[in-house]
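**Student:** Residue 241 in numbering that gives the first Met the number 0 sits at position 242 of the sequence shown, with consecutive numbering throughout.
Just to be clear, a hint being listed does not mean it is correct.
Unchecked claim - Here are the simulated DSSO-like pairs of lysine-lysine, each with C-alpha atoms no more than 27 Å apart in a straight line: (1) K283 to K95; (2) K215 to K99; (3) K215 to K297; (4) K283 to K307; (5) K95 to K155; (6) K99 to K165; (7) K297 to K307; (8) K155 to K99; (9) K297 to K165; (10) K215 to K264.
It should be emphasised that the hints constitute simulated quantities derived from the structure, not laboratory data.
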Amino acid sequence: MFRPLLRLLRLPFIVLPELLAVLLDLLLPRSLSRRLLPQEDHYAPHASAGFEGWYTRVALEGGGNVVCIVCHVREAEGERPAYVHFSYTPGPAEGKALGKCVYDMFPPRIEQALLPRSEGSPHQPFALLAPGYAEFSRSEEGISAYFHLPGGLYAKLTIGELEPLKEGVGEELTTPEGRWARLGEGLPLHWHVLTLGGRAGLEIWRTRVEEEGEGKVGLLLRAEGVAHCEKNWGLTFPRGWIWSQAFSTNKDSSPGASFALAGGKILGQRAHMVLFRSPSTGRKWDFRPPWTLLLFGKGVTIAEHVDKEANELLLEVCDLSRKLVIRVRAQEPREAWLPVHCPLRVGHRIFASETFTAAATVDASERRGALWSGRWEWVETRQFADVAFELGGDYR
């Protein structure tokens, strides 16, 4: 009963050094701050986090969709402290050997282990183990996940050729939060995207006949696709949030355009983070607070509109020289969305729903002229199909 009070009392002693690190990172040249301030791999486990969740979405070349989640709540006040999710939705070109399957599993625990680093690498390899349910590991080569599912079903997912958020020496650990990621315990929630477009391989097979009826034994699916890998961690999930993600691939499997956004209620206000990549034009745009902060529902450089009835999102965000207008609209009723268990203080409960068939449009503009007095000039429009779109908490 005294743990929350103790955490509150020690918070100033933790947050003040974190704020100082953010200030130094802002004031010092980037090359100098990278040498003086420690760089942390935020995709790896955080020992002090109240919860951690690793989320992977794969869009298969045959039109199918795969979602994997490994998540746990430390010191959960109720049942279901750990959660493993695997779901597969077949596409039109993937045959009929395996239909849609959704598995929500609640192992008693998830074990973590940090593995030795490769010499000269900034990345922290690690392994997650939910005994009897799943294994999830991060290595220098990429990500490997193995799932033991009900009915004698198994799935193996490998992801390589990870496309980082930012390229260049010293930028390998860049997160959507930028310098704000240094507020480890100063912010209740964090979001990190490992890659917007890794190359994924998937195999699903069955080793025995299902207990209820007959099922094909052997290899059921072998497919490839593009993967989005991210992670949330912090003290607790927010009261409400929006999340969306999409990518397009070219015929030669080279990276296509992509975007990802996450936002919602945090510290009594609303804020968003937005990533947009367009390799054909060279645009790699990131938006984060203070540009994406809505104070008491009002923002100078951001506007948010969510239509819960139409399942639509309109998000406009800009800084001094760049502007994005993102429109996302679901193509199926809310009843058809995938229910998602979320990490709460009482354990994992259904607190969000997600669709993978939404449509999105991203309009990019650049300012011509002097700062605020210049006019916006449209430079690019991207259309996305099979967009992932999630509404959680108060946004449902």
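**Student:** Please write out, lowest number first, the hints stated earlier that are contradicted by the structure.
**Tutor:** Violated hints: 1, 3, 4, 6, 9 and 10; rest satisfied.
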